[in-house]
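A.B. asks: Each chain is listed here by its residues.
Number of protein chains: 2
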Amino acid sequence: MQIITDIKQMQEIGNNWSNSQTIGFVPTMGYFHKGHLSLVAEANKNCDITVVSIFVNPSQFGPNEDFSSYPRDLQRDLELLNQYKVDYVFNPTPDQMYPAGYKTWINVEELSSILCGASRPGHFRGVATVITKLINIIKPSLMFMGEKDFQQIVVLQTMLKDLNFHTQIHPCPIIREADGLAMSSRNVYLNSEQRQQALCLSLAIKQAQEQYKQGIDDPQILKKNASDLIIRAGGRIDYIKFVDSVSLQEVKQAKDDTRILLAVFIGKTRLIDNAALGSY
Amino acid sequence: MQIITDIKQMQEIGNNWSNSQTIGFVPTMGYFHKGHLSLVAEANKNCDITVVSIFVNPSQFGPNEDFSSYPRDLQRDLELLNQYKVDYVFNPTPDQMYPAGYKTWINVEELSSILCGASRPGHFRGVATVITKLINIIKPSLMFMGEKDFQQIVVLQTMLKDLNFHTQIHPCPIIREADGLAMSSRNVYLNSEQRQQALCLSLAIKQAQEQYKQGIDDPQILKKNASDLIIRAGGRIDYIKFVDSVSLQEVKQAKDDTRILLAVFIGKTRLIDNAALGSY
Chain A
436 MQIITDIKQM
446 QEIGNNWSNS
456 QTIGFVPTMG
466 YFHKGHLSLV
476 AEANKNCDIT
486 VVSIFVNPSQ
496 FGPNEDFSSY
506 PRDLQRDLEL
516 LNQYKVDYVF
526 NPTPDQMYPA
536 GYKTWINVEE
546 LSSILCGASR
556 PGHFRGVATV
566 ITKLINIIKP
576 SLMFMGEKDF
586 QQIVVLQTML
596 KDLNFHTQIH
606 PCPIIREADG
616 LAMSSRNVYL
626 NSEQRQQALC
636 LSLAIKQAQE
646 QYKQGIDDPQ
656 ILKKNASDLI
666 IRAGGRIDYI
676 KFVDSVSLQE
686 VKQAKDDTRI
696 LLAVFIGKTR
706 LIDNAALGSY
Chain B
436 MQIITDIKQM
446 QEIGNNWSNS
456 QTIGFVPTMG
466 YFHKGHLSLV
476 AEANKNCDIT
486 VVSIFVNPSQ
496 FGPNEDFSSY
506 PRDLQRDLEL
516 LNQYKVDYVF
526 NPTPDQMYPA
536 GYKTWINVEE
546 LSSILCGASR
556 PGHFRGVATV
566 ITKLINIIKP
576 SLMFMGEKDF
586 QQIVVLQTML
596 KDLNFHTQIH
606 PCPIIREADG
616 LAMSSRNVYL
626 NSEQRQQALC
636 LSLAIKQAQE
646 QYKQGIDDPQ
656 ILKKNASDLI
666 IRAGGRIDYI
676 KFVDSVSLQE
686 VKQAKDDTRI
696 LLAVFIGKTR
706 LIDNAALGSY
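Here the protein sequences line up with chains A and B, keeping their order.
According to this note's numbering, the first sequence is numbered sequentially starting from 436.
According to this note's numbering, the second sequence is numbered sequentially starting from 436.
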């Protein structure tokens, strides 16, 4: 496992991949949990070379968000990666990625301004831009991303197709704690009471899936019930939406592949979760 | 010379370049003049493979601009290219490049909203986006572009650096008619009287260079004199600026590498020209 901190050095390696090799890339902001590691395992399974980036990307955080306090532990991350076949870890500095005078931004219109994009203006612009930079530096064939950030996957798939990148996204399922909480680096922000409250996201999803299975396909009813459950648990709802899994537009009638997406504040911590209604 | 109209087919060819080959790319909107052909010759001189794209890019034209009337003559263009070693001509349709639901745009901030960007909102967004698409499809090492579109080169160099593309721009000098008019596909719009008037752009540049050589380094004076010359000739000034050749910011004192940039309407035709003050 080679740790690369210099963009030019990583780019040089990327320039010399052979056309016959499949290069797997797992972009991360570090502070690994089992969700991240499942992506690395999936890259190992599908690719000849595995590259993991660890970069807390400042441009995807809003001015009042948690960029500076976002949890970081590079040493622990590297030890965890040692259990896998990771060929390269790319770990650049923000100053290298965004030097003085940086000016270029990528926007995926419509998809970036709804859902999490409505609550976090500029977030997906930062994500789209950093992923373009990382793809140009690393030149992967496949990029492994978790479905917890479902909107992120849709935004980036649209960008890759629109801009004719040859890199494809390989989406991987959400990894959950035993009690159902979706794994997230931000879960460390929760105290023990909040940790219990946080179950309301996965419980609201389960309830919606069960009610859909019982024949309720009106998103308004499903949403009201999810909302009641979350409020009772002490969560503050940012959004609950039932959307088409490709366009992310709200649906009028729920179907198996309709996605329930939700963002909920537990205390000051904003958590997200999602699932296909028919996947229960 | 192979003519490729399908994006996937061109991309397939691009995926299989060998790392040891230098791939030269000349992006054009067709309707070739000697300026375009000088770029092809330069690509031939510097590269193992030469790819020329012919694509009138709708996204860089404003709603009231000349997209539909922009001159096109593919047959003539291909005949002209036959005099050079062109390996591939890439000639996609607008529908292929921007299919229904297209959403992704690249903006190079600051540099895109001044000069031609102030007169043509969205122009450089369209240029930056189409060039990113073409680079991802063709994967060139070097891109040959004429200095007539000086701001375009600066915008794209900034984009390529910011987004960590490995493609580099190889700028090529402006090619002029015998009487000094910078070659442009839009020169066909000029009637014979306007063709004479159009000389005011290169004459204003020459005058500024001469006056600078004589010791006048105050951009205000140089600008006033250029402006007088153009108005006397019947031109309508869009802008005349004396700028730093990297930042494109206006300078307070002219130097050898200060660039005079101008955009002038001759009748309804908007022409541009530029030069370094010290290059006379």
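None of these hints come from the bench; they were simulated from the model.
Among the hints, erroneous ones may be present.
[To be verified] Footprint (simulated), chain A over chain B, 3 or more residues, beta carbon under 8 Å:
1. 439-450
2. 464-470
3. 564-577
4. 612-622
[Stated by the list, open to error] Listed next, the in silico BS3-like pairs over lysine-lysine satisfying Cα-Cα at most 25 Å (straight line):
5. A:538 / A:659
6. B:596 / A:583
7. B:690 / B:641
8. A:676 / B:538
9. B:583 / A:538
10. B:538 / A:687
11. A:443 / B:596
12. A:703 / A:583
13. B:443 / A:596
14. B:676 / A:538
15. B:583 / B:596
16. A:596 / B:690
17. A:538 / B:443
Even for Gly, the Cβ is constructed at its ideal location relative to N, Cα and C.
A.B. asks: Please flag the earlier hints that this structure goes against, numbers listed from lowest up.
C.D. replies: 2, 4, 5, 6, 16, 17
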